[in-house]
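Enquirer: Read top to bottom, the protein sequences are chains A and B.
First residue of the first sequence: 1, per this note's numbering; consecutive thereafter.
First residue of the second sequence: 1, per this note's numbering; consecutive thereafter.
Keep in mind that the hints were calculated from the coordinates and are not lab data.
A short, non-exhaustive set of chain A residues, derived as facing chain B with CB atoms under 8 Å:
#	residue
1	Ile-97
2	Ser-100
3	Lys-105
Positions of the beta carbon are idealized from the N, C-alpha and C atoms, including for glycine.
Protein chains: 2
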Amino acid sequence: MIVVKIGGASGINTKHIINDITKINKTGSDMLVVHGGSELATNLGKELNYPPKFVTSPSGHTSRYTDKRTLDIFVMATSLINRNLVRTLQESGVNAIGISGIDGKILSARRKSTLRIVENGKQKIIRDDYTGKITCVNIMPIKIMQNADYLPVMAPIAISHEKEILNVDGDRAAAELAGKLDAKSLVILSNVSGLLSDIADPNSYIPKITGKQEIEHATNNIAQGRMKRKLIAANEALSAGVDQVIIANANIKSPITNALQGKGTIING
Amino acid sequence: MIVVKIGGASGINTKHIINDITKINKTGSDMLVVHGGSELATNLGKELNYPPKFVTSPSGHTSRYTDKRTLDIFVMATSLINRNLVRTLQESGVNAIGISGIDGKILSARRKSTLRIVENGKQKIIRDDYTGKITCVNIMPIKIMQNADYLPVMAPIAISHEKEILNVDGDRAAAELAGKLDAKSLVILSNVSGLLSDIADPNSYIPKITGKQEIEHATNNIAQGRMKRKLIAANEALSAGVDQVIIANANIKSPITNALQGKGTIING
Numbered sequence: 001m002i003v004v005k006i007g008g009a010s011g012i013n014t015k016h017i018i019n020d021i022t023k024i025n026k027t028g029s030d031m032l033v034v035h036g037g038s039e040l041a042t043n044l045g046k047e048l049n050y051p052p053k054f055v056t057s058p059s060g061h062t063s064r065y066t067d068k069r070t071l072d073i074f075v076m077a078t079s080l081i082n083r084n085l086v087r088t089l090q091e092s093g094v095n096a097i098g099i100s101g102i103d104g105k106i107l108s109a110r111r112k113s114t115l116r117i118v119e120n121g122k123q124k125i126i127r128d129d130y131t132g133k134i135t136c137v138n139i140m141p142i143k144i145m146q147n148a149d150y151l152p153v154m155a156p157i158a159i160s161h162e163k164e165i166l167n168v169d170g171d172r173a174a175a176e177l178a179g180k181l182d183a184k185s186l187v188i189l190s191n192v193s194g195l196l197s198d199i200a201d202p203n204s205y206i207p208k209i210t211g212k213q214e215i216e217h218a219t220n221n222i223a224q225g226r227m228k229r230k231l232i233a234a235n236e237a238l239s240a241g242v243d244q245v246i247i248a249n250a251n252i253k254s255p256i257t258n259a260l261q262g263k264g265t266i267i268n269g
Numbered sequence: 001m002i003v004v005k006i007g008g009a010s011g012i013n014t015k016h017i018i019n020d021i022t023k024i025n026k027t028g029s030d031m032l033v034v035h036g037g038s039e040l041a042t043n044l045g046k047e048l049n050y051p052p053k054f055v056t057s058p059s060g061h062t063s064r065y066t067d068k069r070t071l072d073i074f075v076m077a078t079s080l081i082n083r084n085l086v087r088t089l090q091e092s093g094v095n096a097i098g099i100s101g102i103d104g105k106i107l108s109a110r111r112k113s114t115l116r117i118v119e120n121g122k123q124k125i126i127r128d129d130y131t132g133k134i135t136c137v138n139i140m141p142i143k144i145m146q147n148a149d150y151l152p153v154m155a156p157i158a159i160s161h162e163k164e165i166l167n168v169d170g171d172r173a174a175a176e177l178a179g180k181l182d183a184k185s186l187v188i189l190s191n192v193s194g195l196l197s198d199i200a201d202p203n204s205y206i207p208k209i210t211g212k213q214e215i216e217h218a219t220n221n222i223a224q225g226r227m228k229r230k231l232i233a234a235n236e237a238l239s240a241g242v243d244q245v246i247i248a249n250a251n252i253k254s255p256i257t258n259a260l261q262g263k264g265t266i267i268n269g
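The shape of chain A in the complex, shown without the other chains (with noise of 0.2 Å):
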């Protein structure tokens, strides 16, 4: 089993991630495919005259405040991305299913009734914000589809204990996913070749990082912006048992295949 996160972020090209699941999926290897919206989320909120707002939270994380109308924006976007990537599919010869975390209670979040940003130096609280931290997963309704040989597609929303439906983050939500399906291998592709030494060079990407000491050095000392939470992402699926979780470059040839083979940042517990 195999777990594979596709970024949301600007500048990926799908092709090669189709391409080489259509060659994984022909080895009838499990797999679930997870994938994000932000920059099609951001580029219709922009669209619609609602562009998004970023809140930074007092530790410095970055993360979009969610009403109600940019959650209804970042459903919409995260739909056709995921409608698209399942026609892709298909033309590929793979039968892909499209679902969402909602889906049949796949994903159970804890809504933040509360969050707490930084502004002009000042802490605030917001309160109408939709965004939620996983609590539980139900893998069933992966598990039947996957049976009976298709390929369940993800949309990154999940299910609050209220019945709302929740923004919550993909790399986190596929890290639960890989680690409740016991997957040998989470791939976490961005725009990006992996964790970066420097962050002016591409090429200087980390190969290895090894245990709870290094990981946590790396989040702490190394990473930046959106590469803090793909490492919060990668610690949580290790300790849910996943062996390996690899963060690489989403636009070379078999990006997948490549990953596995080394060609990225491998992390493991």
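Go by the hints and put chain B onto chain A.
Expert: Quick look at chain B alone, frame taken from chain A:
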């Protein structure tokens, strides 16, 4: 097995529908829900400065002209409706899974590569329309979900033979599915109480239409606008083996139960 089509036109409140689905679901009866999305697609198009264009065929049918951009808008609108139905069903205790007709190739369709329309009294050909006529139905993904006690909720798009996404008529999609699923009843819920003999009188619905001749007469001589399509869909469902089709009002308490008890236009073979 009951197939329920929820119309996508304006003025449909899903609250009573959700309550009724919940009640019926508890009896253990297998269901499939198919929904539309026309109103939201129209509104989203307007918000995106891309309002819908409607075209009229030489035989007088009106349909949405679906170029590539309109298709994306339609996909986003129907997906948002789909996710919200799944969310509301789960709030009501029904374990729903949202799908679309492209998933697992549930609905294959032939793209109408040229569309003959009438504009200002003249015939014209349109070539970039992404609508289709369903040619093949694969009920396997629906069956595996129902067998695992999930309620599938489906958006009305299909995959073309060239693996494009197509906008398909929701009523006819529901009819084809009802046939393949050996459904006893297809309930088509909309904002009117049935086929009206007097369009100005909402209570003038014709209670019963029986046999091919009566259906054809009603289609050609009584029905107007969208209702023509519903009767064509009804006829297709009956030909495919469905026992009865009921066109009924969505906006009353227990609309499905009431429809099954005769409140609406009951059509049978």
